[in-house]
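Trainee: Take a look at the letters that make up each chain.
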Amino acid sequence: EAQVTQNPRYLITVTGKKLTVTCSQNMNHEYMSWYRQDPGLGLRQIYYSMNVEVTDKGDVPEGYKVSRKEKRNFPLILESPSPNQTSLYFCASSFLVGLANGELFFGEGSRLTVL
Amino acid sequence: AQTVTQSQPEMSVQEAETVTLSCTYDTSENNYYLFWYKQPPSRQMILVIRQEAYKQQNATENRFSVNFQKAAKSFSLKISDSQLGDTAMYFCASQVPLVLNAGNMLTFGGGTRLMVKP
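If you read the sequences in order, they're chains A and B. For the first sequence, the numbering used here assigns the number 11 to the initial residue and increments by one for each residue that follows. For the second sequence, the numbering used here assigns the number 15 to the initial residue and increments by one for each residue that follows.
Think of the hints as simulated: they come from the structure by calculation, not from any bench. The beta carbon of each residue, even a glycine, is placed where N, CA and C say it ideally should be. A hint or two may mislead.
From the structure, some residues in chain A lie toward chain B, with a derived Cβ separation under 8 Å [said to hold, decoys possible]:
id, residue
1, Tyr-41
2, Leu-51
3, Gly-52
4, Tyr-58
5, Val-64
6, Asp-66
7, Gly-68
8, Pro-71
9, Gly-73
10, Thr-96
11, Leu-98
12, Glu-113
13, Phe-116
14, Glu-118
Residues of chain B clear of chain A, computed beta-carbon distances all greater than 12 Å [to be verified]:
id, residue
15, Gln-20
16, Asp-40
17, Ser-42
18, Gln-70
19, Gln-71
20, Phe-78
21, Ser-79
22, Asn-81
23, Phe-82
24, Ser-90
25, Ser-94
26, Ala-107
27, Gln-109
Next comes chain A alone, as it looks inside the complex (with noise of 0.2 Å):
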């Protein structure tokens, strides 16, 4: 079944102990990014990229860190989480078609609280 995986999918955290949610896609998709959704901001981009090695800052990169080593894995990395990173994290993946978007597919989530 294709589909794109985090984990955890709920994480309760204190400030500042490092965390890294997972993502993995077995669809064999070049393009990887992380959003986070917040309430009445919808869903904000966080970091992304294009393909194995190569990684960029999104929307709102501040706090975060990602690498793509492999091209199926796409974690993301909180150094040093505090209060403000509460919220609901989701993985996304897609073929990179030319000049076409490709479908985007989300993870299921993973709720993360600082406390």
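Add chain B to chain A, keeping to what the hints say.
Mentor: Showing chain B alone in chain A's frame:
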């Protein structure tokens, strides 16, 4: 930069009736894509419908259809014969082609929470 606005934070509709969710957007590009996503309580983001700006014909998917008014920059979603399973948060989103959008980013509205009542 693109912006997407959903002016209705919450809506409700009786089962079997029709409801329309509003969305307006702003972009300086002539070619772009518009989407409606559904997010049920399970939190999964589900693509409901997609419209390409250069196509004049409104997209439809079964009970879901859009009213795309390019000049007015309006992209409303109509749900006919509403079902209890349509209860969800609905997000409108826009996207410009990859050549103009290095991050392949979707710009989302704030969402409309729809409740279908039995």
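Trainee: So, for every hint listed, does it hold in this structure?
Mentor: Outcome of the hint check:
1. Tyr-41: 6 Å, holds
2. Leu-51: 6 Å, holds
3. Gly-52: 3 Å, holds
4. Tyr-58: 5 Å, holds
5. Val-64: 11 Å, violated
6. Asp-66: 6 Å, holds
7. Gly-68: 6 Å, holds
8. Pro-71: 11 Å, violated
9. Gly-73: It is violated, given that the least Cβ distance between A:Gly-73 and chain B is near 18 Å, above 8 Å.
10. Thr-96: 15 Å, violated
11. Leu-98: 7 Å, holds
12. Glu-113: Since chain B brings a Cβ to about 6 Å from A:Glu-113, closer than 8 Å, the hint holds.
13. Phe-116: 4 Å, holds
14. Glu-118: With Cβ-Cβ at 6 Å, under 8 Å, it holds.
15. Gln-20: Label violated. Min Cβ-Cβ 8 Å, cutoff 12 Å.
16. Asp-40: Fine: 14 Å to the nearest Cβ keeps B:Asp-40 off the interface.
17. Ser-42: 17 Å, holds
18. Gln-70: With a cut-off of 12 Å, B:Gln-70 remains clear of chain A, as the shortest Cβ separation is near 19 Å.
19. Gln-71: 18 Å, holds
20. Phe-78: Non-interface label stands for B:Phe-78: nearest chain A Cβ at 16 Å, farther than 12 Å.
21. Ser-79: Nearest chain A Cβ is 19 Å from B:Ser-79, so the label holds.
22. Asn-81: 21 Å, holds
23. Phe-82: Label holds. Min Cβ-Cβ 17 Å, cutoff 12 Å.
24. Ser-90: 17 Å, holds
25. Ser-94: 24 Å, holds
26. Ala-107: 8 Å, violated
27. Gln-109: 6 Å, violated
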